[in-house]
Each structure stands twice: as structure tokens, then as C-alpha cells.
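Visitor: Residue-level listing of the chains:
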Amino acid sequence: MTFQPATASGNVEAASSTPVLSVDALKAYYRLKLFGIEREVRAVDDLTFEIGRNEIYGLAGESSSGKSTLIRTIARAIRPPLAVEAGSVRFNFSDGTRDMYRLSPQELAGIRWKRLSYIMQGSMSVLNPVRRIKHSFIDFAMPHVPEKGAAFFDRIGRHLEKLHLDRSVLNAFPHELSGGMRQRVTIALATVCGPEFIIADEPTTALDVIVQKGVLAMLREIQRELGSSVLFVTHDIAVHANLTDRLGIMYAGRLVEEGWTRDLFRRPLHPYTRHLISSLPQIGDDTPKKGLEGSPPNLAAPPSGCRFHPRCPLAVDICRRQAPPMVTVTPGRRVACHVVTADPGLSAPAMEEARP
Amino acid sequence: MNTLKILRDLFHYNKEFAAGLLIVLVVLAIAACSFFSPYPPLDVYVVPPDMPPSWEYPFGTTSRGQDVFWQLTFAVRNTLLFGIVVAVISRVISLCVGLVSGYRGGWIDRVLMSINDTFVVIPLFPILVLFYFIMRDQMTWAMLAIIVSLLGWAYDARLIRSIAMSLRTREFTRQAVFSGMGTGRIVWQEHLPFVLPIVFSTTLNNINWSIGIEVTLSVLGFTDINTPTIGGMIYWANQHTALVSGVWWWVTFPIAIVVLLFIGLFLLAISMNEYIDPRSRLSRLGGPS
Amino acid sequence: MKSNLLDVEHVSKVFSGRGLFSRRVKHAVQDVSFSLDADRPEVFTIIGESGSGKSTLAGMILNTLRPTNGHIRFAGRDLAYIRSRKDRLAFMSRVQAIFQNPFEAFNPLKPVDRYLFMAAEVFAGCRTKEARETRVDDALHKVGLSLAEVGGRYPHEMSGGQLQRIAIARALVSNPALIVADEPVSMIDASLRMTVINLFRMLRDELGVSIIYITHDLATAYYISDRLIIMQGGKVVEAGDARQILAAPQHPYSLRLREAVLSVDGAWRGSRLDVDALESSS
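Residue numbers (our numbering), protein chains in the order written: chain A, 1 to 356; chain B, 1 to 289; chain C, 1 to 282.
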């Protein structure tokens, strides 16, 4: 029996069989050559994962985890010295499969905004400060939708209403809106064409807590409405706990653990994941917390073998020598750790189900 | 990051730098030759005049009976000296004005920038010509150098000021204040290294600019044309209608040298700009250096 | 009567901008008062979102801004009387600051130990190189680092957590009585955050330093604060014992704030990201 726990977002149906996104053995490196010195930064090092339909997939990682490079690579928004070394990125949209790195520029332009949408960090800067919001909609969205003129504005208006935004924002200038409003308008802009896949890169990081909640709720609403899949990237695992269906943890350019969000929080396996979850302070939690020792890895000269081994409390000899493969320990859960995969009973549940 | 290593790396990997450096070194070598000149620079009719270039007189001789080559060595030396002196003095002024103005702000900034803008709009040549006519015989090279540097600091002061202003709001400036550092120390030790790369490249441009002024003024006869300079040589060549009388070597070689110098300094200026950013970018990427 | 460590009395700050046709006035801080006891070091937290005035208040406590109204007294002496450089330095040696962005807090072209040595020279009066090195090494040990590890290294070689700890060491060189930390961990990786937060606890318990911790993160505030105030639009809306307030906030704004905090525990106790959230946030 495959156990699929109810997720935080309420999506009980599992993702259907063909995944929307397939990333296969992806490697993307920065290569810099100056003054006779060559530097190779392995920002994305052999990543494989899938994202299903109608699913919110979270990607958690800190600085130098490579997650920003990963999403740029997936969206094919990369430029030398960053280049894909190996592997593939494939999207299965409703009108066929696309290999991102085999598309011509026109084909790429065709899927952007319509099928694939990318919400960047601080994407409020997408809005032209000297023109009213509606002009941004005209510039970005009109080329991709069949409606023009009044019908176009009607469509936008309905889209905004669904997202609980007033139509009047169209006539405002960006600086007249608060930061949270701007971000929500940007999300509305990114989704007005009904994309099948949305990449969101730290969309709420710069926002206040109250505003953040509104923006996240909006994202969830859109996802439900459109049935799109979302790749949500942030370092804030509390956000992941509240929003995502499945979660992948990245460390030093590699995926170290992946699973259904609730399951992952209840039973984190990888030592890094366990640390992330247990060290999170919470209101009402009086247990002492600790920081992780050591420093974030240097992607130009990463540790040998398992990249987490210098900071890992469970590290043994093989961890230094050999990089652990990603192993499916239970259906829906994958871990890359020698110690854990050798003995899954080792890890105790990190959090109890019911708290008094 | 020691300087010699940087220069060596630049030389190996940057074609413009290597080319520029070589050219400038050639010009400097020519200037250095002036110390070995068999003829005193101001003497005339020491060799047969109007001789075309030959083994005996590699650059020919002038209508005034001077060896063009040896004259040129003095000319290059004096012109270069002038250019460097002007560049240094005006850099110092623009650094002081720009850094203090940018860091302190307020009324100091307003006063200094008003003075600055006045100097920016002053028309260069009319003023210089005016000075010449007023001062005539008292217009020594030292005076001219001072006047030209006073006219040359204004643009860069604004540039340096804008860098200083952006540095003022950076967090490490605040930390420096909280570590007990005073204005002088902060400006000198913390901010100056940021400003130096720009200053360096503008210095090289400034040298070009002041040499250009010197040549122009001298050609027009508005300087002490007894001291040999490149412009001075051209002046005398014109006085003796050299081109018409076919003494082309008197004009060509000074012009060729000054053009060479311009190109060399320009190449150095544009290649120097590269050195700080990529180096620190490299080391920021980490790994073995 | 022994004076308090810090007295903030009815402090207000008004910024007046000059527009073309109007003078726009901004009340950044309105009538804020609180006191810190000299005998009991504590972690006093100021919670607020952007625009709440918390950073302006911090600026006034650090004497980089002058209050429009009200008084701020440190060890009984009003800050307004600090005029000369000597007075300013004396004040700075007792009241230090830590800033939000550890990467920006250091000059990228200079080694990180630079400010430490400066502080040792200016505040601790260390004249010789050995004296300075001892003092700096001492301060670094308090934060779990050492001069051997850190000396001569450049900011880009270190992590955010390490840089922030070095900044704390720099603040400790002068043996301050009060440290004002403005969002000290918001730009540090989550896995390194707790090291710095735990350090604040150590500063209070072992070194007797009071800390004014300014943040928008209620979770870390809960973990480490003794007392706290919540600011909204320049005013204090709630004040008191940290645990009590965060466990059961009274003021509507505090309630909203508390509600909006995403927690891992709460994630499965019913869906918190719902339409109400959409409506209630502006």
C-alpha cells in the first residue's frame, strides 16, 4: 500500500503518472578562466528529480546550496560562464514534451509565460516604475493570449478578482502600492496566461510576516485554480511546511533528501535535514537549539565524497571517500546518506505527532 | 595581492597591457637618452642644418642646426615631465576635494562642488591664452603646470565624490565609525582603495590631456619655446616652414613620438581597469589560487 | 539612587521631507518609553515590521540620530550632551552596535581583523602590537573564534555566521555595557543562526552585557528575549514579559502578527494559508 499522507495544502490526490518536469542527472558548472587560473564551480552536480502535475514541490537550501543556479538552469535563464555540462531538463506540457536545451529561441519564447512562468526574487522590479501597472500587463501578457483590447482587460480583471486584487491596481503606479501588493501584482502578471508550471524563487523573502502570509495564500489559490505545478524555492523551511506537497533538500549542489513534506518533517532522515528541522526556533518551544558547526561548503573546492561529511555528526570513513547515491528508502522518500541507507532504523522521529 | 605579481600576470595575459607597457617603455627610453646627449639642448647650429635622416643623423637635422634625435630626447623628457607633474597635482587636488566632499556632505559639499563646477565650465584655451598674454615672460613651465593642473581637477573630483558618497552609506563605513575611526582615517584607509583604480586610469588619461595642451600651446607659441618640448619643436619647424621646404623629418618624428605615447598610455589605461575586479572575482570563487 | 543603564523617555522622531508644494512629515517614532536596569543584564527585544520605526529608534539609542522630542539617557547622562569627539568615543565604548548584513559590514578590500585592531587601539588604549593582539584574541575567544583562525583573512573567505560573530567580537573589544543588534541574523543561513543567537544569551549570562535585539522574527524573539515591545507605525502597541506576550498577545496587531507566523507545528493543525489570509492582508 502506498502511503500518501494528507499534505499541508490539502492536495490529497497524488500527482498523476507523467511528471510535468523531469530533471535527469543535471550538471551545471561555472567555468572561469582568468590570468591562467581556472576555476570550476560545481553549482549543480548530478541532480535527478521529478515534479508531478498539480503539485507544489519545495526546494530548500541555504547559501551555496546551488538552488538558485538550479532554477535558472531549469528555466534556461543561464549565460556563460554558467553552462550545462550534462543531463537534461524536460517538460511534459499538455501539448507535448520539450527538452529545454534542444529548443530554438522562438520555441523557448513560445513556452515562456504561456506554459512556464518564472517569479524571481524581488520580481517587483519587473514592473516599470514610470508606467502604470496595466502597461506591464499589456507588454508582457498580451502577446501570449488570444484576447485583445477590451476582451483582454476583461480577462485580466477576472484574473485579478480571483486573486482578491482590486481592478483599480491596473491604473496605479508601482510606487503607489506597498511591497506586498507589488509582489502579488507580479504574481498575477506571471500567471495571467495560465501557465502549467510556475517557478517561484524566494518570492516572499523580503516581505513582512503578515504580508508574506497573504502572498503565500495567493500562490496556493492560483495553484489550485489553474492546476499548475509549482517549484517553490526558499531557505525558510517553515514556509515549506505550510505550503508544499513534496520537499527536496539541497546541499552543496546536490539533492540530499526528498519526500512528502509532512512525512519529511515527522521523520527526517538525512542529518542535515534533521538539523534544519530541530534547530528551528518556534514560539512555545523552550528546548535549547544549536547551530551547525563548520562553514557552508565552497562549491569551487567541495569536500570529497559526501559533501556534508565535515559537518556531519554521523560521518564515517566511507563518507569521506565516496559520494552517497540517492536511494529510495520508502516509497516517495529518497535519501543520499551512507549511514542512513545502511540502517534506516537509526533515525528516530524528530517531532511528535500530537503536542499537548 | 602584491603589485609585482599583478603586473606580471597582466603582462602575460592581457595583450593591451603588454603592448601599452612596451610602447611607454620605449618612449621612456628615448627620454632617458637625453642624459647622454652630446649637445646641450638650447644650442643651435651645432650640426649641419637640413640634413635628411642618415646613419650619422638618424632622425635628420633641423633648419636651426640641431640633431633631431637628440632634440627629441629632450623634448620627450620635458613634455612627459610636464604631463606627469600636472597629472599628479590635479589628482591630489581632486582626491582631496572629492573624498572630503563626498564623505562629509552638507555645507562642505555644497561649497566645494560650487567651486568645482565653476572650474568645469571655465573655457580652457581662452584662459590659458589670457594668462600667457598677461604674464608673458613670467610664464615659466612651473607656472604653466600649476595653472593647467588647477584647470584639470574638476571632472574627476565629481567622479571621486560620487564614489565617496556611495561608500559613506555602506555598512562597513558604519562599522568603521563604531570601531572608533575618525573621518580622516576612514577616508584615507577605508575609502581610498576603492577610489584608486579610477584615479589611476584617469591619471593616465590626464597625462594625455595635459600633453595635448602643452603641444597645442607650444605649437601656437604660447609657451617658453626655448625649452625644447615636442610642441616647441613643431613650432620651430613651422617658423622655418619646414614642410614647405621639404624638411619633413623635423615635423614627422615629434608627431610620431607623441602619437605613440598617446596610444601607449591609452592602452595602459584601458587594461589597468580590468585588474582589480577579475582578481577579486577569482578569489571570491574560492578554491586554490 | 543608582541610575538605570538606559532610559528612553517619551522619545519621538519626526522626519520632514521637502516636496515642491508641500512639506511631507513622517512620524517615524512616537512617544516611546522604556528602561533597562543597570544591575540586571537582559535581552530586550523590539519587534516590528518594516516602517514600524524600530531602526529609527535604534539609531537614536546609538546616538546617530537626535530625537525630535523626549530624552534618552545612558547611565544617567542625556545623550544630547554628547558633543565632543572624546565624549562620543567614551559613549561608543560603552554602547556598541551590530548590523544586519554581515557581508556588507566589512570592507571587501581589507582583512576582517582590521576593525578589531582599530577598536583595541581606540577604545581599549592598547598601544603596542602585542597588547592589541591579546585584546583582539580575547574578544574572538568569547565568540568561539581565535586570531589564528581569523587573522589576515578577507570577508569573502568566510560565511555569514562567522562574519557576524567577528562583528560581535569587535563590539566586545571595548567591554560595552549595552549592545544594540539590528536584525543581526536575518541574513544568515538558518543552520548558522542559532550559533549567533545562543551567543547573545552567553553575552547576557556570562559577560553581563545587555542586548537590545531588534527583529521581525517572533520565533527567535521568543527563544531569547526577557522583555519585549511590539512597535507598529512608530508607536509601542504592547510591552512586557516576552514569553507572556508571545504566548498570549492582547493587542489586535500583536495578534495578527502572531497569527501570521508560519510554524512547523501549526502546519498540520488545519490549513493556515487560506482565503481569510488573502482578505486580511493589505
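Be careful, since some hints might not be right.
Derived Cβ-Cβ restraints for the label pairs, each shown as a range [stated by the list, open to error]: (1) Pro108(C) - Val316(A): 49 to 59 Å; (2) Asp205(C) - Glu293(A): 51 to 61 Å; (3) Gln189(B) - Arg127(C): 10 to 20 Å; (4) Gly122(A) - Gln189(B): 49 to 59 Å; (5) Glu259(C) - Glu293(A): 33 to 43 Å; (6) Glu176(A) - Asn205(B): 29 to 39 Å; (7) Arg321(A) - Glu130(C): 38 to 48 Å; (8) Gln138(B) - Arg127(C): 15 to 25 Å; (9) Met165(B) - Arg24(C): 22 to 32 Å; (10) Pro252(C) - Thr287(A): 27 to 37 Å; (11) Thr287(A) - Ser201(B): 36 to 46 Å.
Some chain C residues flagged as far from chain A (calculated, every beta-carbon gap over 10 Å) [unchecked claim]: (12) Ala190; (13) Ile197; (14) Arg258.
Dumping the calculated DSSO-like pairs for lysine-lysine here, alpha-carbon to alpha-carbon at most 27 Å [claimed, not checked]: (15) Lys162(A) - Lys134(A); (16) Lys162(A) - Lys148(A); (17) Lys142(C) - Lys129(C); (18) Lys5(B) - Lys110(C); (19) Lys110(C) - Lys33(A); (20) Lys134(A) - Lys15(B); (21) Lys26(C) - Lys290(A); (22) Lys114(A) - Lys162(A); (23) Lys134(A) - Lys114(A); (24) Lys235(C) - Lys26(C); (25) Lys235(C) - Lys289(A); (26) Lys114(A) - Lys148(A); (27) Lys110(C) - Lys129(C); (28) Lys33(A) - Lys15(B); (29) Lys5(B) - Lys15(B); (30) Lys148(A) - Lys134(A); (31) Lys86(C) - Lys129(C).
What the hints contain is simulated information worked out from the structure, not anything from laboratory work.
Glycine included, every Cβ here is placed at the ideal spot set by N, Cα and C.
Visitor: For every hint, state whether the structure bears it out.
Guide: Results of checking the hints against the structure:
Taking 49 to 59 Å as the suggested C-beta distance range, the pair Pro108(C) and Val316(A) does not conform, at roughly 39 Å. For the pair Asp205(C) and Glu293(A), the supplied restraint of 51 to 61 Å is violated, since their beta-carbon distance comes to about 21 Å. Checked against the given bound of 10 to 20 Å, the beta carbons of Gln189(B) and Arg127(C), roughly 19 Å apart, stay inside it. Distance hint for Gly122(A) and Gln189(B): a CB-CB separation of about 33 Å, inconsistent with the stated range 49 to 59 Å.
Taking 33 to 43 Å as the suggested C-beta distance range, the pair Glu259(C) and Glu293(A) conforms, at roughly 35 Å. Checked against the hint of 29 to 39 Å, the C-beta distance between Glu176(A) and Asn205(B) comes to roughly 44 Å, which is inconsistent with it. Checked against the given bound of 38 to 48 Å, the beta carbons of Arg321(A) and Glu130(C), roughly 44 Å apart, stay inside it. Distance hint check for Gln138(B) and Arg127(C): the Cβ-Cβ separation is about 52 Å, which falls outside the suggested range of 15 to 25 Å.
Checked against the given bound of 22 to 32 Å, the beta carbons of Met165(B) and Arg24(C), roughly 23 Å apart, stay inside it. Between Pro252(C) and Thr287(A) the beta carbon distance is about 30 Å. The supplied range of 27 to 37 Å therefore holds. Checked against the hint of 36 to 46 Å, the C-beta distance between Thr287(A) and Ser201(B) comes to roughly 58 Å, which is inconsistent with it. The claim that Ala190(C) lies off the interface is violated: its Cβ sits roughly 6 Å from the closest Cβ of chain A, which falls inside the 10 Å cut-off.
Here Ile197(C) does not stay apart from chain A, with its beta-carbon only about 8 Å from theirs, under the 10 Å limit. For Arg258(C), the shortest C-beta to C-beta distance to chain A comes to about 7 Å, within the 10 Å cut-off, and the non-interface label is violated. Taken as a hint, the Lys162(A) and Lys134(A) pair is honoured in the structure, with Cα atoms around 17 Å apart against an allowance of 27 Å. This hinted pair checks out: Lys162(A) and Lys148(A) have alpha carbons roughly 20 Å apart, not beyond 27 Å.
With a C-alpha separation of about 20 Å, the suggested pairing of Lys142(C) with Lys129(C) holds against the 27 Å cut-off. Distance restraint check for Lys5(B) and Lys110(C): the Cα-Cα separation of roughly 18 Å lies within the 27 Å cut-off, and the hinted pair is therefore satisfied. Pair hint Lys110(C) plus Lys33(A) holds up; C-alpha atoms about 24 Å apart against a cutoff of 27 Å. The straight-line distance between the Cα atoms of Lys134(A) and Lys15(B) is roughly 50 Å, outside the 27 Å bound, and the hint therefore fails.
Restraint check for Lys26(C) and Lys290(A): not satisfied, since their Cα atoms lie roughly 41 Å apart, outside the 27 Å limit. Distance hint between Lys114(A) and Lys162(A) is fulfilled; the C-alpha atoms sit about 19 Å from each other, no more than 27 Å. With a C-alpha separation of about 18 Å, the suggested pairing of Lys134(A) with Lys114(A) holds against the 27 Å cut-off. Taking the CA atoms of Lys235(C) and Lys26(C), the gap is near 13 Å; set against the 27 Å cutoff, the hint holds.
Between Lys235(C) and Lys289(A) the CA atoms are separated by roughly 32 Å; this puts the pair beyond 27 Å, and the hint is violated. Restraint check for Lys114(A) and Lys148(A): satisfied, since their Cα atoms lie roughly 16 Å apart, inside the 27 Å limit. Annotation: proposed proximity of Lys110(C) to Lys129(C) holds, straight-line Cα distance about 18 Å (limit 27 Å). Proximity of Lys33(A) to Lys15(B) is assessed by CA-CA distance (about 16 Å); at most 27 Å being required, the pair is judged to hold.
As the CA atoms of Lys5(B) and Lys15(B) are separated by approximately 16 Å, the hinted pair is consistent with the 27 Å bound. Between Lys148(A) and Lys134(A) the alpha-carbon distance is near 13 Å, which keeps this suggested pair within the 27 Å criterion. Annotation: proposed proximity of Lys86(C) to Lys129(C) holds, straight-line Cα distance about 23 Å (limit 27 Å).
Going through the hint list in order, the structure does not satisfy hints 1, 2, 4, 6, 8, 11, 12, 13, 14, 20, 21, 25.
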